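Can you build the whole structure from these sequences, using the hints too?
Chains as they are written, first to last, in the numbering used here: chain A, 1 to 330; chain B, 1 to 330; chain C, 1 to 330; chain D, 1 to 330; chain E, 1 to 330; chain F, 1 to 330.
Do not take every clue at face value.
Which copy? The list can't say, so a pair holds if one copy fits it or any two copies do.
No farther apart than 27 Å at their CA atoms in a straight line, the calculated lysine-lysine pairs in the DSSO-like style are these [said to hold, decoys possible]:
hint	residue 1	residue 2
1	Lys-280	Lys-161
2	Lys-283	Lys-162
3	Lys-162	Lys-278
4	Lys-121	Lys-89
5	Lys-100	Lys-61
6	Lys-20	Lys-278
7	Lys-64	Lys-89
8	Lys-89	Lys-125
9	Lys-100	Lys-26
10	Lys-68	Lys-283
11	Lys-121	Lys-93
12	Lys-54	Lys-68
Don't read these hints as lab results, they were simulated from the structure. Just so you know, these numbers come straight off a predicted model, no measurement behind them.
There are 6 protein chains.
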Amino acid sequence: MGAVFQFWGEKLSFLRKVEKIAEDIKTMRVRGAARIARTAVEGLIITAEESEAKNEEEYLKDLKISSKILVSARPTAVSLPNGIRYVMKRVLKAYRDGAKLEELREETIRVGREFIQNSFKAIEKIGEIGARRIRDGDVILTHCNSSAALSVIITAHRQGKKITVYATETRPRFQGHITVERLVREGIDVRLIVDSAVNYYMDGVDKVIVGADAVASNGAVVNKIGTSLIAASAYLSGVNFFVAAETYKFSPETTAGRLIEIEQRDPTEVVDREFLKKNKGVKVLNPAFDVTPPQHIDLIITERGIIPPQAAIIILTEVFGWFVEEEDMY
Amino acid sequence: MGAVFQFWGEKLSFLRKVEKIAEDIKTMRVRGAARIARTAVEGLIITAEESEAKNEEEYLKDLKISSKILVSARPTAVSLPNGIRYVMKRVLKAYRDGAKLEELREETIRVGREFIQNSFKAIEKIGEIGARRIRDGDVILTHCNSSAALSVIITAHRQGKKITVYATETRPRFQGHITVERLVREGIDVRLIVDSAVNYYMDGVDKVIVGADAVASNGAVVNKIGTSLIAASAYLSGVNFFVAAETYKFSPETTAGRLIEIEQRDPTEVVDREFLKKNKGVKVLNPAFDVTPPQHIDLIITERGIIPPQAAIIILTEVFGWFVEEEDMY
Amino acid sequence: MGAVFQFWGEKLSFLRKVEKIAEDIKTMRVRGAARIARTAVEGLIITAEESEAKNEEEYLKDLKISSKILVSARPTAVSLPNGIRYVMKRVLKAYRDGAKLEELREETIRVGREFIQNSFKAIEKIGEIGARRIRDGDVILTHCNSSAALSVIITAHRQGKKITVYATETRPRFQGHITVERLVREGIDVRLIVDSAVNYYMDGVDKVIVGADAVASNGAVVNKIGTSLIAASAYLSGVNFFVAAETYKFSPETTAGRLIEIEQRDPTEVVDREFLKKNKGVKVLNPAFDVTPPQHIDLIITERGIIPPQAAIIILTEVFGWFVEEEDMY
Amino acid sequence: MGAVFQFWGEKLSFLRKVEKIAEDIKTMRVRGAARIARTAVEGLIITAEESEAKNEEEYLKDLKISSKILVSARPTAVSLPNGIRYVMKRVLKAYRDGAKLEELREETIRVGREFIQNSFKAIEKIGEIGARRIRDGDVILTHCNSSAALSVIITAHRQGKKITVYATETRPRFQGHITVERLVREGIDVRLIVDSAVNYYMDGVDKVIVGADAVASNGAVVNKIGTSLIAASAYLSGVNFFVAAETYKFSPETTAGRLIEIEQRDPTEVVDREFLKKNKGVKVLNPAFDVTPPQHIDLIITERGIIPPQAAIIILTEVFGWFVEEEDMY
Amino acid sequence: MGAVFQFWGEKLSFLRKVEKIAEDIKTMRVRGAARIARTAVEGLIITAEESEAKNEEEYLKDLKISSKILVSARPTAVSLPNGIRYVMKRVLKAYRDGAKLEELREETIRVGREFIQNSFKAIEKIGEIGARRIRDGDVILTHCNSSAALSVIITAHRQGKKITVYATETRPRFQGHITVERLVREGIDVRLIVDSAVNYYMDGVDKVIVGADAVASNGAVVNKIGTSLIAASAYLSGVNFFVAAETYKFSPETTAGRLIEIEQRDPTEVVDREFLKKNKGVKVLNPAFDVTPPQHIDLIITERGIIPPQAAIIILTEVFGWFVEEEDMY
Amino acid sequence: MGAVFQFWGEKLSFLRKVEKIAEDIKTMRVRGAARIARTAVEGLIITAEESEAKNEEEYLKDLKISSKILVSARPTAVSLPNGIRYVMKRVLKAYRDGAKLEELREETIRVGREFIQNSFKAIEKIGEIGARRIRDGDVILTHCNSSAALSVIITAHRQGKKITVYATETRPRFQGHITVERLVREGIDVRLIVDSAVNYYMDGVDKVIVGADAVASNGAVVNKIGTSLIAASAYLSGVNFFVAAETYKFSPETTAGRLIEIEQRDPTEVVDREFLKKNKGVKVLNPAFDVTPPQHIDLIITERGIIPPQAAIIILTEVFGWFVEEEDMY
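Have a look at this one:
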């Protein structure tokens with residue numbers, strides 16, 4: 001990014017701040033899908049406040065530079081470009097509708113704050129909407145430790161519904177233990193099982209609720225390894241499978257054919273070094289996520305409402321703009 | 001059993017030995033489906049050799065007493081009554097066909113040794129038959145640590161076929177580690193994965209091969225927890241699912257409606273006591289096995305040939321006698 | 001509602017009329033999804049004509065009061081809020097686009113009449129669109145007595161196509177008898193069967209066509225008890241399953257997570273009192289509707305075109321406004 | 001049959017009695033699958049007791065004449081030829097094994113009585129075997145009014161298991177009312193529903209248990225109209241579907257390609273004459289049975305044990321003789 | 001059309017040209033979905049350039065006349081009305097937004113050229129988007145000879161990915177031979193098989209990619225005979241099935257209930273006349289296309305992005321306007 | 001084989017004849033599954049007639065030598081070992097039951113002739129049994145040119161049932177043309193289609209009937225390439241899929257794990273040499289058969305009755321002996 005700075009010189013002080021933000025995202029000082037998206041949008045608000053552009057066109061150029069810097073900070077994060085696109089789509093529309101420089105600044109700030117606001121309330125809103133689908137007496141199975149999924153369960157519980165939860169331990173990192181702690185604290189009846197006991201208990205389950213790391217344009221859900229296996233089991237047992245996901249988890253890239261890459265994590269999460277030394281030649285594969293196909297998902301609960309997975313593309317279209325035209329947003 | 005001894009008195013020295021065997025089975029000094037069955041059949045051979053019966057009827061009475069003692073040593077073991085029934089069915093038939101006392105003794109010993117012999121060779125035979133189904137280049141997924149399943153894989157490997165194996169770690173007791181060690185020692189290309197990564201890799205798998213703790217009369221297979229989940233994944237991906245099982249694993253009880261009971265094991269296999277103390281109220285459920293329905297199983301490889309699961313009842317009929325008539329065997 | 005009236009005083013004469021309309025809906029003097037929606041929209045037209053608001057904001061307040069009164073007259077009716085939302089969405093947009101008081105009044109009246117007009121023609125339009133999918137010689141199965149479904153069948157028949165219809169008797173109230181009468185009058189070849197004979201005849205059926213009481217945001221269809229059972233049979237036999245439903249049957253509430261409640265009707269529709277007295281303790285359950293999942297539905301025929309069930313949310317988005325933002329419409 | 005009598009003359013007094021029995025079956029003085037089979041076998045016992053045959057061949061000729069008369073009394077009854085074949089198969093085997101005239105008589109009588117005895121105990125035995133599959137707390141759905149299915153339910157209930165039963169009313173003849181009465185008398189918690197509410201409640205059902213009018217060689221089950229529809233619903237919801245059927249309900253004819261014919265009953269069971277007069281041209285179709293395919297059946301509970309439907313042919317082979325060779329039995 | 005000309009007289013010289021274009025389409029001098037659509041849109045551009053309309057209303061009348069002439073030139077071509085609707089929708093919107101006569105002309109020309117431009121680049125764009133879904137080492141099966149499908153394969157190949165292709169010969173006209181020639185020329189590893197060998201090789205296939213002649217509003221795909229059979233095979237083997245289709249192949253007519261008609265081609269494509277003469281009475285049926293249901297399609301790759309088939313209606317809504325309101329566009 | 005002859009010397013003239021028969025089979029002077037099996041059994045009859053054995057043991061040794069020579073003549077033919085096993089199983093049983101030398105000879109000849117007789121009548125018998133499953137008005141689809149399948153169709157037609165047949169052309173060798181000729185000659189209404197049009201017409205088909213080259217022990221059917229694809233289509237459309245196969249087509253080898261090998265035929269059956277020369281590098285794959293899994297087969301029609309595919313192993317058990325014990329038969 002250095003080259004750009006040399007070129008734009010001293011005047012562009014906002015760029016310094018935006019680059020600082022990008023740095024924080026790149027080095028993972030800022031983490032978590034929601035925080036990353038909000039922080040990036042802050043970068044656009046700063047641009048709006050500090051850009052010294054003289055006319056609308058210069059202003060948009062500044063915004064696009066900031067966008068590019070921010071998006072490239074972590075190209076694989078799904079929420080980051082969504083935050084940027086949310087703002088840019090609306091600002092570009094205002095420009096096309098004839099808004100003047102100051103109006104564009106105001107719109108940028110207004111829309112940016114709206115996004116941040118929505119993001120903060122998303123988990124709560126998902127809890128509220130999702131809890132309406134939970135009945136008194138429901139037995140729910142969850143996997144890993146998802147704020148959105150837990151928000152649904154805990155909201156229903158606080159509404160006085162009696163809930164029983166099966167929580168998987170979630171190998172290799174046992175995030176299920178955190179889920180158990182959280183639910184026990186709420187006073188919810190929770191049962192811990194190993195991941196592979198899912199099918200054994202599925203017949204007695206009413207609903208599976210999990211979170212998402214990303215939702216593809218065709219409604220496929222990327223989530224913690226094991227999710228697609230649980231979905232297969234639920235599908236064959238006729239059990240409803242719900243995903244709780246904030247809209248900024250929806251991946252516009254996938255409409256353009258790009259696949260969400262699945263990270264391979266360190267073998268030592270699975271076995272100790274001793275084992276590796278002793279069993280020369282064994283490969284320990286440790287994928288972080290898998291992909292659940294839309295056919296195995298009944299509903300996706302977002303902060304904007306409940307949709308069938310095949311309507312994921314509507315979220316992408318309505319909230320973040322249409323298909324492959326995105327290119328010119330940054 | 002004491003009462004029986006007082007009644008029968010000194011002469012019945014064989015009963016002492018049979019009771020000793022039963023004791024060894026009960027206290028698990030003798031373990032493993034195959035060993036239990038062979039040891040029980042030894043009990044019948046001893047009865048044949050040492051019974052002081054004066055005529056055919058007395059001899060059968062002695063045999064039935066031994067049978068009862070042996071079978072009740074561990075009522076839930078599937079292989080035990082199978083061993084007994086294998087011998088009794090043939091001896092009773094010889095009796096009905098008019099065999100005399102000495103012929104009955106000889107038949108008991110001959111058939112008993114045949115059973116023991118078959119049992120010793122069963123794993124090897126399964127390896128030989130099953131390996132014919134493995135092609136050069138096959139990618140095989142296995143779960144837990146089954147001698148029968150490994151026999152198929154290793155035999156194919158020794159025939160010069162290039163095999164790649166995915167082995168699940170098999171929570172909570174990590175039997176997959178033993179599988180890995182065994183396969184690495186053979187020089188087979190093996191990849192260890194957590195149980196919940198099964199669906200992620202299923203698309204690249206050619207065959208799943210697992211063992212069995214028991215095979216029900218309708219072809220359902222009882223095996224290590226997680227097996228039915230893997231079968232669900234294989235089914236939905238169109239991957240062949242094979243079970244390798246000795247015929248003495250087939251459960252005649254299930255034809256009479258009795259279910260195979262699934263053992264719940266200790267929570268501390270799953271979490272440590274610390275966790276339980278900290279999270280008061282959490283239930284840790286730890287079922288040892290689950291049941292894979294016949295619809296998700298393509299073939300069962302036995303030492304007597306390959307059958308579709310729906311033909312399990314033929315094994316029960318042909319090898320161990322027909323349906324509910326078993327009652328009068330012991 | 002009394003408190004509101006005291007507060008607003010004499011001037012608000014339109015409220016009297018609106019409340020009268022709400023009363024008629026509440027007491028079921030006005031019945032039927034279509035009539036309820038049209039009558040409620042009349043209430044908004046009256047508000048537009050008689051509101052004494054001095055400016056745009058006052059006018060919108062009046063409209064929202066009327067909306068609230070009308071919608072709360074029968075909270076479970078799906079068509080009622082749809083009628084209100086259809087008008088309010090467009091009036092609010094006009095307001096945001098800068099329309100003045102008189103223009104808002106006119107828009108309210110124009111859009112209100114458009115809705116009423118569309119509603120009147122919806123059944124006919126569905127008949128016309130749906131009939132294009134019927135081929136000469138088709139064998140159609142229908143359940144209960146749906147105007148929309150019959151419109152498709154009769155329109156196709158009048159176009160000269162030879163149609164054979166299986167009509168279920170539809171226990172417990174035998175609405176199938178009315179269907180038979182209607183079709184016999186049209187000269188259509190009709191066969192009456194008991195509800196449980198559906199699967200027996202399904203192999204010879206080309207299409208199932210039923211109506212809907214409500215369509216959820218994920219494309220699930222609420223209709224007369226038995227519909228989901230017929231859909232299961234059609235699904236397994238590879239027979240097309242069509243739903244004919246006016247767009248005001250689409251339930252926006254379900255996008256916000258609310259479920260459509262299934263009414264339990266009186267046991268005496270199923271058995272006589274004699275039976276109940278004689279069989280003390282028996283529970284007679286008599287649900288009025290069931291829910292057919294979108295996976296078992298091929299197409300939904302609306303007066304605005306044919307959609308796959310997963311696109312139900314497009315109807316809700318395009319026709320009645322987007323997701324959970326609805327709150328501020330009334 | 002008259003011609004035969006003239007030919008055989010006075011001596012063949014047993015034929016008179018056999019013909020009388022055949023007459024009783026034909027005119028339905030003897031009804032019900034079990035009673036018909038037992039009565040026909042009585043005819044063979046009478047033949048054994050009264051035949052004046054001088055040698056084995058003459059005796060077999062007499063038996064075959066009786067068999068032919070009995071079987072042709074009601075060619076569509078499944079149990080009738082099964083009874084005959086049960087006896088004849090064993091007598092013919094004895095003949096081939098060298099049995100003499102008196103031994104053949106004795107064998108006929110012994111085997112005949114065995115069949116009758118088994119038949120009397122079959123329902124009870126099915127109850128005992130089937131009840132082992134019922135768990136405490138099970139919710140069971142049943143259709144029509146089957147002694148065998150009710151035997152399973154009531155036996156489980158008497159064993160102290162808490163059972164809840166959904167009983168369908170079973171149009172058009174409401175046999176479900178008899179089921180309700182029977183279960184209420186036993187003190188079982190029973191819920192009556194219309195036939196088409198089956199899918200609505202299926203999610204809360206643990207097992208479906210129905211009877212059978214006939215079981216085909218491929219495991220397909222012929223039973224009261226509506227059974228196959230319930231099976232479709234159970235299949236799609238992952239609910240176990242059990243059939244309780246005595247072995248004499250298994251149809252050997254279907255191995256030879258013959259189909260079981262489905263009776264069409266009188267329209268006035270469905271509607272009154274008034275309706276028919278008013279709606280000229282309507283066809284009221286009233287099939288008595290439908291056919292449930294083996295893929296939708298989990299287990300068949302017989303008095304000889306539990307089998308998967310694909311093993312139906314084993315019952316036919318083992319109990320009633322092999323495939324198409326039946327021709328020469330009568 | 002003659003009557004129209006007489007009525008409009010000399011002044012309407014643009015109509016001559018438009019009619020000439022229509023004639024070229026009708027007589028198939030202009031062929032191919034893309035060329036037909038582009039040529040028809042040229043007709044609208046000519047109308048814009050040469051219409052002598054005096055005001056906006058007259059101008060729209062002229063445009064609608066041209067539209068009607070062009071669309072009726074080949075009523076079954078899917079792309080033709082799409083081209084017309086693409087332009088008309090935007091021009092009508094401009095008119096409603098208050099555009100003046102000259103602005104309307106300009107908009108017509110601008111939008112028309114945009115459509116033509118997009119059409120030219122569609123195949124290339126589909127290749128680029130689709131290739132992102134192809135992995136190194138993928139085995140792809142294709143059917144017939146589709147530019148869009150081949151664009152995906154060849155683009156991926158040129159990106160350096162190793163691709164193996166199974167190409168079906170595609171009876172009766174062997175278009176698979178052209179596909180083979182094209183791929184061999186590119187240096188791609190290609191295997192030719194008869195159409196019926198598809199299932200034999202399906203297990204080793206990673207993705208099926210085919211083109212489309214038309215995409216219905218519910219996501220069903222009309223394509224070369226055999227496509228739906230391949231999709232059935234892929235579906236049952238768990239192999240991804242992709243369709244590559246330009247957006248102008250999406251059929252708006254099907255939202256209005258109209259079916260896409262399947263052409264029956266000449267028998268002599270299948271057998272020679274000799275055969276027909278020799279086998280009097282044989283019917284040789286030769287349908288050109290079949291219909292693949294959306295349930296068997298994973299993704300549709302368009303030049304505007306990738307969608308699940310159920311979202312086909314979004315393309316129709318967003319790109320070509322909403323549902324049945326289309327009537328008044330021409 | 002020369003070495004054997006030197007060892008046994010002049011006396012063993014029967015071996016000359018047996019070796020001559022083996023030679024005829026090896027060089028394909030004797031072809032066709034049925035003829036091969038009958039000819040091989042002739043070899044055993046000759047052995048019985050001409051063996052100069054002095055006692056039972058010598059005689060069996062002679063029989064086993066003949067068996068070995070015959071079976072190794074064409075190791076991949078399924079019917080050949082079946083014929084041998086049919087005879088040997090019964091002769092060995094007679095020996096175990098105490099039959100003397102002359103009785104063994106007679107039994108060999110009797111059973112051998114029985115097998116030959118059955119084989120001659122098998123096609124006719126299959127026609128008779130299968131035709132009972134055909135209803136008046138049935139639309140049947142068949143593939144390739146199978147005597148057994150045509151026997152069913154033609155028998156039904158001759159019984160006066162109106163049958164319509166879809167015949168696939170069956171690339172690459174167009175055996176469907178022979179089928180058409182045969183059916184036209186019978187006066188049956190026949191429609192010829194290309195192989196890939198199968199799914200297009202499947203909805204209007206009542207039954208698919210095909211032949212078999214081999215039936216595996218799990219009921220999988222090896223038949224002309226394309227069969228498994230048609231079965232997939234039938235399965236998804238809910239159309240019955242019947243296989244007509246003589247019992248000597250059942251493959252006992254597959255119970256022992258051996259797979260039936262699929263022959264790859266010459267590329268020039270698919271394309272001409274010109275094409276291959278022009279498209280250097282293209283591989284033309286031409287497998288002769290594929291394998292239809294038992295899940296997609298409803299019934300197998302044999303000359304001994306109708307079975308579900310899962311009961312194939314019963315045919316192997318009952319007719320040709322049990323599982324892997326076959327080794328000692330020759």
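Taking the hints in turn, this is what the structure says about them:
1. Taking CA atoms no more than 27 Å apart as the test, Lys-280 paired with Lys-161 passes between copies only; the shortest distance there is 21 Å, against 53 Å inside one copy.
2. In this assembly of identical chains, Lys-283 and Lys-162 lie within 27 Å of each other by CA distance solely across copies; the values are 16 Å between and 45 Å within a copy.
3. For the homomeric pair Lys-162 and Lys-278, the shortest alpha-carbon distance between copies (23 Å) is at most 27 Å, but the shortest distance inside one copy (49 Å) is not.
4. Taking the shortest Cα distances, Lys-121 and Lys-89 sit within 27 Å of each other both inside one copy (22 Å) and across copies (25 Å).
5. Taking the closest pair of Cα atoms, Lys-100 and Lys-61 come within 27 Å of each other only inside a single copy of the chain (15 Å); across copies the shortest separation is 32 Å, beyond that limit.
6. Taking identical chains as interchangeable, the C-alpha atoms of Lys-20 and Lys-278 are never at most 27 Å apart, the minima being 46 Å within one chain and 41 Å between chains.
7. With identical chains, the CA atoms of Lys-64 and Lys-89 are at most 27 Å apart within one copy only, with a shortest distance of 11 Å there and 31 Å across copies.
8. In the homo-oligomer, the alpha carbons of Lys-89 and Lys-125 lie at most 27 Å apart both inside one protomer (24 Å) and across protomers (23 Å), since each shortest distance falls under that limit.
9. Taking the shortest Cα distances, Lys-100 and Lys-26 never come within 27 Å of each other, neither inside one copy (34 Å) nor across copies (50 Å).
10. In the homo-oligomer, the alpha carbons of Lys-68 and Lys-283 never lie at most 27 Å apart, since the shortest distance is 38 Å inside one protomer and 47 Å across protomers.
11. In this assembly of identical chains, Lys-121 and Lys-93 lie within 27 Å of each other by CA distance both inside one copy and across copies; the values are 25 Å within and 26 Å between.
12. For the homomeric pair Lys-54 and Lys-68, the shortest alpha-carbon distance inside one copy (21 Å) is at most 27 Å, but the shortest distance between copies (48 Å) is not.
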